[in-house]
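J.: Listed below, chain by chain, are the residues.
Number of protein chains: 4
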Amino acid sequence: MVGGGQGAFIGNVHRIAARLDDHYTLVAGALASTPERAYESGRRLRLARERTYASYEEMALEESKRDDRIDVVSIVTPNYLHYPVAKLFLDAGIHVICDKPLTTSLADAKDLQQAVAASGRIFTVTYNYSGYPMVRMAREMVAGGCIGSLRVVQVEYCQGWMAEKVEDSGSKQVLWRSDPEKSGPGGCIGDIGTHAFHLSHFICNERAVELSAELSTFVSGRRVDDNAHILLRFENGAKGMLWASQVAVGEENGLRIRIYGDGGSLIWTQENPNYLLYSQRGKPQQRLSRGGPETAAPGTAHSGLPAGHPEGYLEAFAQIYTDTARLIHAHRESRKPVSSAQLAPGVLDGIRGVEFIEAAIQSSANAGAWISLKL
Amino acid sequence: MVGGGQGAFIGNVHRIAARLDDHYTLVAGALASTPERAYESGRRLRLARERTYASYEEMALEESKRDDRIDVVSIVTPNYLHYPVAKLFLDAGIHVICDKPLTTSLADAKDLQQAVAASGRIFTVTYNYSGYPMVRMAREMVAGGCIGSLRVVQVEYCQGWMAEKVEDSGSKQVLWRSDPEKSGPGGCIGDIGTHAFHLSHFICNERAVELSAELSTFVSGRRVDDNAHILLRFENGAKGMLWASQVAVGEENGLRIRIYGDGGSLIWTQENPNYLLYSQRGKPQQRLSRGGPETAAPGTAHSGLPAGHPEGYLEAFAQIYTDTARLIHAHRESRKPVSSAQLAPGVLDGIRGVEFIEAAIQSSANAGAWISLKL
Amino acid sequence: MVGGGQGAFIGNVHRIAARLDDHYTLVAGALASTPERAYESGRRLRLARERTYASYEEMALEESKRDDRIDVVSIVTPNYLHYPVAKLFLDAGIHVICDKPLTTSLADAKDLQQAVAASGRIFTVTYNYSGYPMVRMAREMVAGGCIGSLRVVQVEYCQGWMAEKVEDSGSKQVLWRSDPEKSGPGGCIGDIGTHAFHLSHFICNERAVELSAELSTFVSGRRVDDNAHILLRFENGAKGMLWASQVAVGEENGLRIRIYGDGGSLIWTQENPNYLLYSQRGKPQQRLSRGGPETAAPGTAHSGLPAGHPEGYLEAFAQIYTDTARLIHAHRESRKPVSSAQLAPGVLDGIRGVEFIEAAIQSSANAGAWISLKL
Amino acid sequence: MVGGGQGAFIGNVHRIAARLDDHYTLVAGALASTPERAYESGRRLRLARERTYASYEEMALEESKRDDRIDVVSIVTPNYLHYPVAKLFLDAGIHVICDKPLTTSLADAKDLQQAVAASGRIFTVTYNYSGYPMVRMAREMVAGGCIGSLRVVQVEYCQGWMAEKVEDSGSKQVLWRSDPEKSGPGGCIGDIGTHAFHLSHFICNERAVELSAELSTFVSGRRVDDNAHILLRFENGAKGMLWASQVAVGEENGLRIRIYGDGGSLIWTQENPNYLLYSQRGKPQQRLSRGGPETAAPGTAHSGLPAGHPEGYLEAFAQIYTDTARLIHAHRESRKPVSSAQLAPGVLDGIRGVEFIEAAIQSSANAGAWISLKL
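Protein chains in written order, with our numbering: chain V, 9 to 383; chain F, 9 to 383; chain X, 9 to 383; chain S, 9 to 383.
What the hints contain is simulated information worked out from the structure, not anything from laboratory work.
The list makes no distinction among identical chains, and a pair is therefore deemed to hold if it is satisfied within one copy or across any two copies.
Listed below are the simulated DSS-like cross-link pairs for lysine-lysine, each with C-alpha atoms no more than 27 Å apart in a straight line:
1. 173 - 291
2. 95 - 344
3. 190 - 382
4. 180 - 190
5. 291 - 180
Model the full structure from these sequences, guided by the hints.
T.: Next up, the structure:
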């Protein structure tokens, strides 16, 4: 693991996710940006001292020399480090699990795509919301024609925790997120908007080809956007609305998607994720539950929990790890991975997220002009 | 009443609304576009034969001659008749309750505004959703500073009943709604989008000054839009998203508004209208219920029903009628009406709705260019 | 109308309910227990002075002499007056709509049943919750076999407004409700428990044959029960639980019923009454909406409102009035009334409610001994 | 671990729960009732062959001889084995985590209580629903006086999966559950009723002192109850209703509790467990969310997930494991454990569950006579 030491939030989530299905053991890490904090973080996680590294460069170098070297590295640093760290480990022949957004510029992202291709390694991006069982079921249903031809996508991701100037609190979380040098030019659009964007592609399997955006910064003194209103046009003619906000007081982690086709619709809400509302034209609305009747989604990989036993955020996150483990197993055995593993978001999903951020910023700077998305 | 004969939907709603609070008696009507249907409709409603008219022109002429002439006329015709009918009755010195949208062109709407001013008569427009008690409470709360300074407005009105080519069914309802000659150039944007637009103004008391629109027609052969994606900019710098759709399969009458200020937020949903979700920054979400604790909204005028006794669409519609009755009483007695009555939507609300439709069409025809709203 | 003058709550509800479908005109009344308040109440309702009576005895006497005498009387007095008033008007050959519970003793109730039979008049009891469209649909579905053979009934009616000693407020509403002389021996069990009991019979069409009860009075100084826990055994072997409470802080008007058969289940909640949740064994839960797809229930009689336009308490109450009007029309024309009208609760439903109250009190006084219900 | 081999459900849940917070490593097991299945199950879990035992007797014997012997054993067998297995390991000086219900008879349960006391070992029972953060918050709130003096408890646990004769399917899960020799005399009452009973004690911290029960078996040929209707009397005078059912078609895992005091109320629903509805007398209902504003409950031990990131069944289950680990650490260091750990259900909770089952069966066999609960 690179990053994720003391004071970090997402690092611990990655570790639990890795542990949940019993496919991973954490054996090495460059956990923090100073040697002291890196060593202390490693000690707390009971890492061997010799595999607790002072820097990611050292880690890549030393691990690549070991016989028992790591199979895969998790990159959970601030965004601006994703690119150099990922590249170094790919070059060392090590598989990569990388947090999103992929990089802080589209040029870096494309470069990384080439590095992945050249390395022949597995590379997954933790668009973790795509790991929810009912999200995967929604994707399957759309692919199977359950809603007919796609017409309208309404997706939103709203939070309220940045409604005031939390930057002044001194929290590490907030500091790097609101610093364009570390998180990239997008604020809310990059931090959560990319999740919403990915989710709509993941479920609908239809590419957005143009967008028009209105980005706003409501909190005075903030250096990045904190609210994004975006219109989308999809390849097949469908239209979409995407709302991302971090100033929506009262909202906690409100990722929600509603998709409408000519024959039916699906609604999924992250905060109550075990259900999917399904309407067919001329029929009453059905509530499909994870593990419930007529449901293809039996739960995330590890649990197989029956209906009514709620699964949550960690289980969905773990699904991406399990998918990656399965991809690595298949890679090692030179066979095709199981189909669910192939759903793990890859480098292409990563690049599209970066293109989305850049296009939104460009459109917003040009009075909402429609910008093409090409990837 | 003009319009509202056999086969009409909204006419009966207006009649119940008028009756609910016992302020009105229906005594005269020009209920249909042919004399036969007009007479038959009048007979069924137990109107006196002599006050059942073959045309609205006849009705305006004859009623204006009577000593016991009508106080007020309800106009519930297809949209294109609102203008000539309203004008004729205003000229005859009769108060007017008119369905929305006000007219089929902005020029007509402005002309009507002048006619109202010249006549000195009461003129209300049935933006009926503003009659819900919790909508009025939301307005009061916003005015009282409960959410602080307005930042984001998310409003939507989605239905699914036109997801297929219902025009082919031959239903009168559908036919005039999808005929630009009768309903005006807007389809979904005029029929339901204007309700959403009005609601956001009514609650927030903040004027939208610019919009960018993407109108779509998904059903092949349809002559008007059936989905509208609109971005709004408000006078104080707030930003909004408005979605109106009649092809959202599974949605019934999904009018919903969420407004976020720097200090709090409010959420209201028409399909479960007795509740308002209120969040203050740093406090748990509260569910305010009509008639419940700490609630200024005791129910619509007529009922005073305690909390937990749900009120619905008819009660809210009746509120507009009661407000109008109170305006007329005050007008007769040359005094100021009670404050709730002053909330009844008037001709200015009507014109703004028409301007909204025209601006949306113009923006959509120009790749989403931002169009100013001036009224 | 007898009762329902100034300060009364339910009288106004009855008047709106009567007006809603345009089958009734209020022409006479003995509206209060003193002549002064009776006259003043009549004046406010614009009753003719000569038909505003000082007492119900006078009203029955005088009306029975008139050629244009009333067709039907609404009895909306405190409970202890239902019996003498109803009897007097039946004897005068006038149809009766009576509030619930029918009487304050089972003996009176049985006597009234005979009086109804002897009079040949229409007699309905305002178990108003049975007027909701989705309640009627539930009944139809059960009758049609949608849930299979009935096994379990969970019904509850919980309110919180009497959690403190509201008797001390001096409100008329509370005073008679908590006075056994005026409301009968049951408190919560009579006021709201009977509604829950009736609802379960109405929907399931299965008779409870035994009950075991635990009544409690939580508020010190209260003279009647304020919480009732009751077990039910139905004729076909099904088992039930009934909870009624007026001390459930936070609850407003929480009438809810869930019924389970061997093949399916239905859930209905009064506070969001336009929906019915339906599960079949091995199928996802469906949300049936009033006026929606595959729904037999098009709305209450008057409105025919489409799905998504919520109907509420007043509309359901009006349904009982409309049913009664239809029964009276059919009676006048000596023909069978339409089937929906036959669903109006009658005197037998009224007696059963009184038997239920007495049995619950008896069981509770005997450590929850099972008491037979015979009617 | 004893039990939990191939084909078992709850064993895997225990293993994930143990792993989640990184306090446990699985090193030994007697996983199945035949040596072949035991070895094969051990192999799949990558246990060392020498610590994969053919029987629990062998495991207790061999482990107690080892220097690196297990600290704690998880007992996840069918109910009838809890007693002998727990006793053997306690005698060997090993801490125990035992599934519920504790034993199949009250005599065994009391005997086990003595064995626990004599051994001085940590003994926890996986009443896992008490591990949910919002359940713990509810307990804290009640203790802190947030609802005032307790009056009414409505608790229910309803499932539908046994609505038909699933015993005929041959599933191991069902077979032992419906066999009184293996699961004890209670069916639904033991399997899920005990969870509901424990939850009400856990949150309210008020002991039920009497119960009256009506147990039913709806599915023909079933050997144990599948529906339980129970009335409760609490020590302080509060009254309760408990409903447990496995024939409630459409219900999945419907554990829900509502508690009402003279000053407020709390509602919690397992299927959407991250929220708690809180009403104070005279105030609007609040929705408290895990990790949200004014919430003491930051999430389960391991995660610290912020509000809106749903936690579920596994996290709550893991909490019991983490609590136990903390108890063991404190035991080892002869200090007081942290207070949250002390909330872990212990042997007294276990015995009370067994007493509850026996009392319910006795009451039901005696026409619902009130039976005292003494423990």
